[in-house]
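Colleague: Taken in order, these protein sequences are the chains called A and B. Each residue of the first sequence is one higher than the one before, starting from 24 at the first, in the numbering used here. Each residue of the second sequence is one higher than the one before, starting from -18 at the first, in the numbering used here.
One thing to keep in mind: the hints can contain errors.
Stated by the list, open to error - Sample of chain A residues facing chain B (criterion: CB under 10 Å; computed from the structure):
{"hint": "1", "residue": "Ile71"}
{"hint": "2", "residue": "Gly76"}
{"hint": "3", "residue": "Leu77"}
{"hint": "4", "residue": "Gly104"}
{"hint": "5", "residue": "Tyr113"}
{"hint": "6", "residue": "Glu114"}
{"hint": "7", "residue": "Phe124"}
{"hint": "8", "residue": "Tyr125"}
{"hint": "9", "residue": "Trp129"}
{"hint": "10", "residue": "Arg156"}
{"hint": "11", "residue": "Ala169"}
Said to hold, decoys possible - Keeping only pairs whose Cα atoms sit at most 27 Å apart, straight-line, the calculated BS3-like set for lysine-lysine is:
{"hint": "12", "chain 1": "A", "residue 1": "Lys162", "chain 2": "A", "residue 2": "Lys141"}
{"hint": "13", "chain 1": "B", "residue 1": "Lys7", "chain 2": "A", "residue 2": "Lys154"}
{"hint": "14", "chain 1": "B", "residue 1": "Lys(-4)", "chain 2": "B", "residue 2": "Lys7"}
{"hint": "15", "chain 1": "A", "residue 1": "Lys162", "chain 2": "B", "residue 2": "Lys7"}
{"hint": "16", "chain 1": "A", "residue 1": "Lys141", "chain 2": "B", "residue 2": "Lys(-4)"}
{"hint": "17", "chain 1": "A", "residue 1": "Lys141", "chain 2": "A", "residue 2": "Lys154"}
{"hint": "18", "chain 1": "B", "residue 1": "Lys(-4)", "chain 2": "A", "residue 2": "Lys154"}
{"hint": "19", "chain 1": "B", "residue 1": "Lys(-4)", "chain 2": "A", "residue 2": "Lys162"}
Bear in mind the hints are in silico, worked out from the structure with no lab data behind them. All C-beta atoms, glycine included, are put in the ideal place defined by N, C-alpha and C.
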Amino acid sequence: MTETAILIENITRDFKMVRAVNGLSLEVPSGIIFGFLGPNGAGKTTTINLLLGLLEPTSGRAEVMGFDTCTQANEVRTHSGALLEHPGLYEQLSAEDNLEFYGRIWHMPVNERRDRIKELLTHMGVWERRKERVGTWSKGMKQKLALGRALLHHPPLVFLDEPTAGLDVVAATEVRDDLEALTAREGVTVFLTTHNMAEAERLCEQVAVIRGGELVAIGNPDELRERAGGPGLEILGHGFKDNVLNMLRAHPDVVAAELLNEEHLAIDLREDMDAAPLVNLVVSAGVQVEEVRRSKASLEEVFLTLMEEEK
Amino acid sequence: MRFSDMWTVMWKEMKGIQRYKGSRTKSLLGLAIPMAMLGIYLPLQIGRALVEGPWSLLIAVFIPMMMVGMTIPESFAGERERHTLETLLASPLTDRAILFGKVAVSVGYSWGITMMLLLVSLVMVNIIHWDGQVLFYTPIMTLANVALSLLLAILVAGIGVLKSLRAATVQDAQQSLMTATLFPLVLLQMIPLLLLNVVPDGRALLIKLVEAANPTQIILIAMTVFVVSDLGLLMTAVTRFQRARLILD
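Isolated chain B, as found in the complex:
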């Protein structure tokens, strides 16, 4: 794979994102809502706890999920739905240049927006609660925000590519991707409920678990799981994203 080919695909994808829904203005307006909600409203509501506790993970988890969840189906299923895929495949671009160029822009764009929102919310907290000292995220939360959001973006992108290759339309792909990514989160939320309601003496067990939890350990375990999953998903995507398969699909 030539890097220049991947860069060509990235150039086109970036143009597409700039012109999403027809104009730059509409694209920027689309960003204004999460910016207002998470960059301004959330710091106003939560205050210092946003930088001192795990709340910033809300931004680091939901923004990549949401942004990649929108851009990957647009990029992959959208090419098929808008009948541009055949012409692209009839060009000398390699399958990998197309795949990685598209994934790189979606992940990079989503991660960039996430970093920007984290920065905006940090600035907001400092403005609102200024006491002569600059507040900053704790080191472990900084690592979690930076690394986990990137790994999560790649994870959702990997699932998104596989879902998009099977979906007939962008909407189908987005729905199916959202279901696939939200399901584990819902399941995760069920664990405390199950402990409380089903397991005998669950409440004590839950408290014990929370007290014993080491945030650094949890974040490192999560990162390891994400790295392994990301690699697995990207390798599967490389196998599936092949001209002959795409034409036949």
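With the rest of the complex left out, here is chain A:
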């Protein structure tokens, strides 16, 4: 297997007067869950369509699992699985027949196909319901089945386009758990688009943020958090006075210190340092400390900051 699962080089795609993807370049290493984040209309789905060879780029090129998306599109689709915007299940067919159909598409031998279908449906806890029409299933169950379908033929790479969108909390958690368990067990590379920052934070080793078809940021979630603001400390207590604030602001490791209210002090640090010296300083200045906690920007805050920067 190639060490780079996806390589995008300066890819652009225009739809008449609209530029959906603009000079996008990125590299996705094999074996990780890669989050592709962006607001509605950012170009996420167009990028997936370009990577699957369903659309041709206006300029630039891309490789998926070492195959050119324009000249070897069928190879790309053979070596990948996809759960797109909609589950894409045939609702009048049973769950088993849905998987059977896609197993046949990928030319899986009969015995292997049957074993794999049983394995996946058992893993999802729906083996007993395999003969039921999918149309009678809940949205969450359908999404789990669609995830199973994407992984059916053991692809080294799967594209997941907002797999938990529109699901209730319980269903979304189940799908996320399944996604995490299945991808870890099967060692696949996942290209995941999502709106849900908590989901990206939990699942993704690397994320890229796209807006207006352009790459805004790329890195692991920790790196992006640092970009939005370094680590911090929050101290809850009584007796915060101006001299405490001045003392902290003069400290070389402190970027800023601010009272959020009379009992809540927020400190931005230059780096992830030991908190004890600062807490000692505050205590020695007469503050009665009740609670100290570290703070970090969430990926959601990072995302919002990036969107603000781009405006």
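With chain A fixed as given, assemble chain B onto it according to the hints.
Modeller: Just chain B now, kept in the frame of chain A:
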């Protein structure tokens, strides 16, 4: 195009037809009405003329039109309406395997039902008018029933694919396909009326035309026209049914 890929699509389409509207029972009930109307009622009404005259063409023309008119939009526009098309296109199936697999099932199913109805009506006529001899369609009508119904099914399927690719919903595609296929028939019926009412001495001309008509010739001409139209439509469908176009649509 690998035949196994086309067969995979056909497998799914056949499953879909079996489970049309949710269950096998409903699918079979849907067949019971044309079966009763054309397989039983029509032979009862028309009798021996059904096998001796051109009446069996009613079955050979309307059944493929009706069945293909329902199944092709379900198969093509239905994939888009139910959001299953994108996932299908993201698979390694070739465009042609998808197109021909779907068309083959729709045409095969409709043609099969047509043949079955023709057989049932033949049996009915023989039962009702049994005089010690087995009645059978005339050779030219047999050819017309077998070949014309197949060519007509392909023709409607070709138009249906093109209409479905432009339609937003199954209903839109079915309506538009019905209009497109019924219009030429309505036009054909207008010709005698025009001859009678507009053309001077039209009645004599019409009688002359009917008397001069050679059924074999008419059927062979119709078959030639259908073969050429079918090929043209299928080639256009191959050109139009392409991933990039479908995704953009």
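Colleague: Work down the list of hints and note, for each, if the structure agrees.
Modeller: Results of checking the hints against the structure:
| no. | hint | in the structure |
| --- | --- | --- |
| 1 | Ile71 | holds (9 Å) |
| 2 | Gly76 | holds (8 Å) |
| 3 | Leu77 | holds (5 Å) |
| 4 | Gly104 | holds (8 Å) |
| 5 | Tyr113 | holds (6 Å) |
| 6 | Glu114 | holds (7 Å) |
| 7 | Phe124 | holds (5 Å) |
| 8 | Tyr125 | holds (7 Å) |
| 9 | Trp129 | holds (7 Å) |
| 10 | Arg156 | holds (7 Å) |
| 11 | Ala169 | holds (8 Å) |
| 12 | A/Lys162 with A/Lys141 | holds (21 Å) |
| 13 | B/Lys7 with A/Lys154 | holds (18 Å) |
| 14 | B/Lys(-4) with B/Lys7 | holds (14 Å) |
| 15 | A/Lys162 with B/Lys7 | holds (25 Å) |
| 16 | A/Lys141 with B/Lys(-4) | holds (20 Å) |
| 17 | A/Lys141 with A/Lys154 | holds (12 Å) |
| 18 | B/Lys(-4) with A/Lys154 | holds (13 Å) |
| 19 | B/Lys(-4) with A/Lys162 | holds (22 Å) |
When held up to the earlier numbered hints, the structure conflicts with none and fits them all.
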